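Enquirer: Protein sequences appear in the order of chains A and B. Residues in the first sequence are numbered from 1 upward in steps of one, following our numbering. Residues in the second sequence are numbered from 1001 upward in steps of one, following our numbering.
Note that these hints are calculated values from the structure, not bench results. Quantities reported herein were computed from a predicted structural model and do not represent experimental measurements. Just so you know, even glycine gets a beta-carbon here, dropped at the ideal spot from N, CA and C. Keep in mind that the hints are not guaranteed to be accurate.
Said to hold, decoys possible - Just so you have them, the derived chain B footprint on chain A, three or more residues with Cβ under 8 Å: (1) 13-23; (2) 129-142.
Stated by the list, open to error - Derived, one-sided and incomplete: chain B residues facing chain A with beta-carbon distance under 10 Å: (3) E1019; (4) V1058; (5) D1180.
Unchecked claim - Which chain B residues stay away from chain A? Per the calculated CB distances, all over 10 Å, these: (6) D1018; (7) D1031; (8) V1032; (9) T1056; (10) A1102; (11) V1103; (12) L1106; (13) L1112; (14) R1115; (15) Q1219; (16) D1221; (17) S1241; (18) T1243; (19) T1260; (20) V1261.
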Amino acid sequence: VCRRITGNEADALDATQDALIAIVRGLPRFDGRAAFGTWAYRIATNACLDELRRRRRRPEPVLPDLDRDSAWTAATPDLGSTVTDRLAVDAALAQLPVEFRAAVVLRDVCGLDYAEIAAVLDIPPGTVRSRIARGRAVLARQLGEPAGADDRPTAPT
Amino acid sequence: VTTSDDPCGPVPDADPLDELASAIVDGEAGDVEESDDPALAERVARFRAVAELVATPVAPPSAADRDRIIAAALAAAAGGAGGEVVPFRRRRLPVWLPAAAAVAVLVAGIGLLLRTGGDSDDADEAATADAPAAREAETFEESAGEGSAGGDAGAPASTVAETAGGAGTGAATEMVALADLGDHDTVASLEDALLSLATSSEDSAEGPAPAPGLPCSEQFDPDAELYTARLAGQPVVVAVSGTTYVAVDQATCAQVASGTV
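The shape of chain A in the complex, shown without the other chains (with noise of 0.2 Å):
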């Protein structure tokens, strides 16, 4: 989940090792109304999130308004051949903001259903709902593309 959050090993660890830390000094704490891996996995999103604030250097990338006719005719049909390795989802994920990121990683890497990921993130299942969708529409495009494509955004929406 850091891993794919953070986007790359050092956070990643950063951020796990102060998961597992706050995981451990929150368990006297833990009153059981969630459920353990909800709750740990709020921890470690946090603990990410976290990572990333104390870590940003640059612009938090910005969701593009997708244009739909050339986003979907752009991507290629046989997306799987596209991508080669895993460092291009790391870069497709990368274009999306953090909060974006993380509802579809708990979704896709977790399997958390939308509900959970409401507890974690705490918001709405409706925002869950979106924000995948949204998500998974840049990863599309991202990942569609042929390598070395390179459309971040840098509009806001």
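Got chain A sorted already, so can you dock chain B onto it with the hints?
Expert: Relative to chain A, chain B alone:
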């Protein structure tokens, strides 16, 4: 997780087709049949492929890193204070290094331009009573010749570039002033300062990388961070590269201390 400071602002509306396709991929769309709509089916297929790619496992951390994290957590559980919580990020090349190198190169360029301009001013306006540019050039050449801006023990930072900036280049001057480590009577004291610098927050002062025009630059590792300090009252430039450092006399560039922090 709080969303009050969400840098994205309000979450933009998703394309309804995207949202439906995404929900179908996640099994959260109820009884909607994707096969009824070719466009929807195509988008579901793409999103499914994206989800599979994101779910691709990443390389696990090394056993040493894993053990270190677990040890830190166990130490925290046992009482906390003695836990070996060591930032992993220190292994990375500092992200500011390229920017610092660019600034150093920029300053060197400004210095050369000023020197050229100063020489020209000297030739063309030798009789001019009020010639600030010429004075700046003189100041630059004086400090460049000595390898120091004066060696004032009380000065917070002293560099050739700082003097070369002169009037009208205040921003550049401010950018390249080397961070100062202060006065130290002994090498051990200087090493303590370096150690505290290494363990302090990332926002602490950072020195620019060596570049032509900075004191004794040619002696240092190109990736080193530079600082000024006074060692037993003697102005020195300290170059830190990884865990090693070298301190040289600002005037003579002679090495006066080195070691590991």
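Enquirer: Next, verify each hint and record whether it holds.
Expert: Hints versus structure:
Residues of the stretch 13-23 of chain A lying with their CB closer than 8 Å to a CB of chain B number 7, which satisfies the three-residue condition for coverage. Judged by the Cβ-Cβ criterion of 8 Å, the stretch 129-142 of chain A is covered by chain B as claimed, because 10 of its residues qualify and three suffice. Contact between E1019 of chain B and chain A, as hinted, is supported at the beta carbon level, the nearest pair being about 4 Å apart and thus within 10 Å. This hint holds: V1058 of chain B has a C-beta 4 Å from the nearest C-beta of chain A, less than the 10 Å allowed.
Annotation: interface hint on D1180 of chain B violated; nearest CB of chain A at approximately 23 Å, more than 10 Å. Interface exclusion of D1018 of chain B from chain A breaks down, the closest Cβ pair being 4 Å apart, not more than 10 Å. Every Cβ of chain A is farther than 10 Å from the Cβ of D1031 of chain B; the closest lies at roughly 17 Å, confirming the non-interface assignment. Non-interface status of V1032 of chain B relative to chain A is upheld: no Cβ of that chain comes within 10 Å, the nearest being about 13 Å off.
Here T1056 of chain B does not stay apart from chain A, with its beta-carbon only about 5 Å from theirs, under the 10 Å limit. Remark: the non-interface label on A1102 of chain B is consistent with the geometry, its nearest Cβ contact in chain A lying 14 Å away (cut-off 10 Å). Distance check on V1103 of chain B: its Cβ is at least 15 Å (rounded) from any Cβ of chain A, clearing the 10 Å threshold; non-interface status holds. Under the 10 Å C-beta cut-off, the non-interface status given to L1106 of chain B relative to chain A holds; the minimum distance is some 19 Å.
With a least beta-carbon separation of about 29 Å from chain A, L1112 of chain B lies farther than 10 Å from that chain, consistent with its non-interface assignment. For R1115 of chain B, the non-interface assignment is confirmed: its Cβ lies about 33 Å from the closest Cβ of chain A, beyond the 10 Å cut-off. Even its closest Cβ contact with chain A, about 29 Å, leaves Q1219 of chain B beyond 10 Å, as expected for a residue assigned away from the interface. For D1221 of chain B, the condition that its CB be more than 10 Å from all CB atoms of chain A holds, with the nearest at approximately 22 Å.
Taking the minimum C-beta to C-beta distance to chain A, about 19 Å, the non-interface status of S1241 of chain B holds against the 10 Å cut. Against chain A, the non-interface label of T1243 of chain B holds: every CB pair exceeds 10 Å, the least being about 17 Å. Every beta carbon of chain A lies more than 10 Å from that of T1260 of chain B, the smallest distance being close to 22 Å; the non-interface claim holds. Every beta carbon of chain A lies more than 10 Å from that of V1261 of chain B, the smallest distance being close to 20 Å; the non-interface claim holds.
Checked against the numbered hints listed earlier, the structure breaks hints 5, 6, 9; every other hint is satisfied.
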